[in-house]
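Chain by chain, the residues run as shown.
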Amino acid sequence: MSIYVDYAATTPIDEKIMNSMLENASKFGNPSSIHRLGKEAKAFYEGSRKNIAKRLNAQPEEIIFTSSATEANNQVIRGTVQGKIGAHVITTKTEHASVKETYADLEKEHEVTYVDVDDKGLINLEQLKSQLRDDTLLVSIILVNNETGTIQPIKEISKIVKEKGALLHIDAVQAFKYLPIDVTDLNCDFLTLSGHKLYAPKGIGLLYLKSNTHLHSLITGGSQERERRAGTENTLFAHAFRLAIEEADDNRDKNNQIIADLKQSLIEALEAEGVPFEINGDIELQTSHILNLYFPWTETEYLLTALDLNGIYASGGSACNAGTVIPSHVITAMYDEARSNRSIRFSFSEKVDKNDITQIAKVLNKIYKNLNDSGFIN
Amino acid sequence: MSNKDITVVVGMSGGVDSSVTAKLLLEQGYNVIGIFMKNWDDTDEFGVCTATEDYEDVRLVAEEIGIPYYSVNFEKEYYDRVFQYFLDEYKKGRTPNPDVMCNKEIKFKAFLEHAMKLGADYVATGHYARVEHDGENVRMLRGVDNNKDQTYFLNQLSKEQLSKVLFPLGELEKKDVRELAHKYDLATKDKKDSTGICFIGERDFKSFLSTYLPANPGRMVNLETGEDKGKHDGLMYYTIGQRQGLGIGGDGGPYFVAGKNLETNELYVVQGDSSDKLNSTSLLASEVNFINPVKDTFQATAKFRYRQKDIPVTVKVLGDDKIEVSYDSASAVTPGQAVVLYDGDTVIGGATIDSVYRDGEFLEYLA
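Each protein sequence line maps, in turn, to chains W and A.
Mapping of the first sequence onto UniProt numbering: position 243 corresponds to residue 243, and the numbering continues sequentially without gaps.
Mapping of the second sequence onto UniProt numbering: position 67 corresponds to residue 67, and the numbering continues sequentially without gaps.
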């Protein structure tokens, strides 16, 4: 038996997408080639770009394909500050590692300010207002948090940031499946997405770059992506990404209903089993695909191991190279490290079987009971 | 109960010994889970920690033999219960044995508890020692490979701890273990054995210690003649009986460390290892552990350092967690080290050496 509830980490490749990739594999030409095979591939690739742009309410030339959202986030941040030593940039304390670590790297040459979050995971808007300066270059915000599902009030944030004239970068990797994304409406300058969170393969991401925005390219060596990102185009993965985005966009409301039910079911099942837990953050302010729980009676590292031995695949914090768990900086920022050390993330998709939710609660109860009966809980 | 219903959690370090341990248990039909312990944050200046490479070897072996594998972080427990003790002992001028403490507090306490919480019936490690379970009775015996026997480091384990422990390598010679690793073609079959204390690794001991404790140089004094023999780098860097690294010599043979005076910060040295000053006839030890009950006075053999030959001793239990151990004569018995007692191959128990005597006279300089 195995139950996968780690969809915020990654998703399997959708079968329809896989089949469509195989069907189109003959279009192997290099889009930069002059011959017809190249032109065929070029048309195929640009078709993907155009259709994705449409779904984001962007222009095709505003979409740049990358290898991942991590690359896209790095490209935005490093490409914006490059050559501007001493620039002022702002981000939050609950970003994904690809933004967090990149900003940490900028501290050597730039001025970085971090916005706090409250115990719901919402950023402090007053603080953001006071931190923004006339010379603030860039603000990076994660729209839906990857650990808690917390949705930031992005329209308000956008208004505040744009009033000061800073560039706005939105990490929408966890958001797209559950919130419609309209870059014009969001009034952002950059927005990043990832394919493998949406049933496309790992190895494709994208960056929305508003027209006429200056961005220094990190990867040089060819004129691909309008000289923003060199390297032979990953035509098949871009196609898969397009299908994944369309699928997610077409079924958003339906999927939201299913996962909302799954999330609520797990909460109720745990309550029914009598397993002590608290919800991290406020579920009213979260997407339904993530449920981050605090289990006061044991540690993340132990619980993830015990769950895995019972065939349940969840997550918590991040793994260090030696396989041990580093507590989530997001939960630490919202509460403290003690709570972070005892928290687990369950993340769902519409493919999760509702019966499995009951099973998860049962297994957690079994683990809890065993610990309790053996005197391992004080 | 057949072995497949018995869950054994193996402490896997990424070395050849624990790799073979896991494989042997699997061959015996146990339900085996491998767990890597991360006890020390040893990230070097390049951001690479040896733990990463060791864990990578755990992964390779676990995948090869087909067992689930995990990590557990005991950095905090290790720092609080082993490293702090290690520093405190050095501050007192003693020579601690962190491996004894690591076994007592981490591998067979924190780790054992972690394994029990995961539903283990036993934990196993790649130690060269034997443990016999016979109903309520539990005995620990030396590993059959006398040269590799590690019972010295396991002397603080209680009967309760040992009742949940398996040491599959105890019946094997080290060379057999290498051969088995080759036979099973394990990824670690040719990996070099680790040396030294885990948190120090291959680094220079002196420079490591100096980052945690201030070195306080002082004078070296010949204990027999009172002669000033030059400067020492700090008392903590020396242990009783040490010959290397003193930087003095001359007619009459090499010099040995014979003791320390913490108040005057003097290091005592003697010339020639046959010097009376290094010899003792009894010791007092505390933190006494007996695996099974003993008489108030009994005969045994004892080791005062790892890999020393046993000598015959008489042990008197003094109560108040103390024992007196008497013997004909032993050289360089060192406070902070363990005294481990044997009855033939059976480990009776052990204690930490506190003070050393010659014919009833307290040898205060032996610290």
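No lab work stands behind these hints, which were simulated from the structure alone.
Any given hint might turn out to be false.
[As the list claims (entries may be wrong)] Cβ-Cβ distance ranges computed for the label pairs, FRET-style:
#1 W:S2 - A:Q28: 21 to 31 Å
#2 A:E173 - W:N321: 27 to 37 Å
#3 W:M1 - A:K183: 29 to 39 Å
#4 W:E111 - A:L213: 53 to 63 Å
#5 W:D135 - A:K231: 50 to 60 Å
[As the list claims (entries may be wrong)] Okay, derived cross-link-like pairs now, SDA-like style, lysine to any residue, Cα gap no bigger than 25 Å in a straight line:
#6 W:K366 - A:E63
#7 W:K202 - A:N3
#8 W:K369 - A:K164
#9 A:K117 - W:E271
#10 A:K117 - W:D14
#11 W:K366 - A:P98
#12 A:K164 - W:D373
#13 A:K76 - W:F376
#14 A:K117 - W:N365
#15 W:K362 - A:L118
#16 W:K362 - A:P68
#17 A:K117 - W:Y313
#18 W:K369 - A:I6
#19 A:K76 - W:H329
#20 W:K27 - W:D14
#21 A:K117 - W:K202
#22 A:K117 - W:K27
#23 A:K159 - A:P98
#24 A:K76 - W:D14
#25 A:K4 - W:E271
#26 W:K100 - A:D42
#27 A:K117 - W:S2
#28 A:K76 - W:C320
#29 W:K366 - A:K159
#30 A:K109 - W:I326
The beta carbon of each residue, even a glycine, is placed where N, CA and C say it ideally should be.
Hints versus structure:
1. W:S2 - A:Q28: 21 to 31 Å: With a Cβ separation near 27 Å, S2 of chain W and Q28 of chain A satisfy 21 to 31 Å, so the hint holds.
2. A:E173 - W:N321: 27 to 37 Å: With a Cβ separation near 34 Å, E173 of chain A and N321 of chain W satisfy 27 to 37 Å, so the hint holds.
3. W:M1 - A:K183: 29 to 39 Å: Since the Cβ atoms of M1 of chain W and K183 of chain A sit about 35 Å apart, the hinted range of 29 to 39 Å holds.
4. W:E111 - A:L213: 53 to 63 Å: For E111 of chain W and L213 of chain A the Cβ distance comes to about 39 Å; the hint is violated.
5. W:D135 - A:K231: 50 to 60 Å: holds, 58 Å
6. W:K366 - A:E63: Given pair K366 of chain W, E63 of chain A is violated - Cα atoms ~28 Å apart, limit 25 Å.
7. W:K202 - A:N3: violated, 41 Å
8. W:K369 - A:K164: Given pair K369 of chain W, K164 of chain A holds - Cα atoms ~22 Å apart, limit 25 Å.
9. A:K117 - W:E271: holds, 23 Å
10. A:K117 - W:D14: Between K117 of chain A and D14 of chain W the Cα gap is close to 38 Å, so the pair fails against 25 Å, i.e. violated.
11. W:K366 - A:P98: The given pair, whose Cα atoms are some 37 Å apart, is violated under the 25 Å limit.
12. A:K164 - W:D373: At roughly 19 Å apart (the allowed maximum being 25 Å), D373 of chain W and K164 of chain A satisfy the hint.
13. A:K76 - W:F376: Holds: K76 of chain A and F376 of chain W sit about 19 Å apart, inside 25 Å.
14. A:K117 - W:N365: holds, 14 Å
15. W:K362 - A:L118: holds, 16 Å
16. W:K362 - A:P68: holds, 22 Å
17. A:K117 - W:Y313: holds, 18 Å
18. W:K369 - A:I6: holds, 20 Å
19. A:K76 - W:H329: Distance of about 18 Å is within 25 Å: holds.
20. W:K27 - W:D14: Measuring from Cα to Cα gives roughly 20 Å; hence the hint holds.
21. A:K117 - W:K202: violated, 36 Å
22. A:K117 - W:K27: violated, 55 Å
23. A:K159 - A:P98: holds, 21 Å
24. A:K76 - W:D14: violated, 43 Å
25. A:K4 - W:E271: violated, 35 Å
26. W:K100 - A:D42: Within the cut-off at roughly 23 Å; holds.
27. A:K117 - W:S2: The hint holds at about 21 Å.
28. A:K76 - W:C320: holds, 16 Å
29. W:K366 - A:K159: The given pair, whose Cα atoms are some 29 Å apart, is violated under the 25 Å limit.
30. A:K109 - W:I326: Since the Cα atoms of K109 of chain A and I326 of chain W sit roughly 22 Å apart, the hinted pair holds (cutoff 25 Å).
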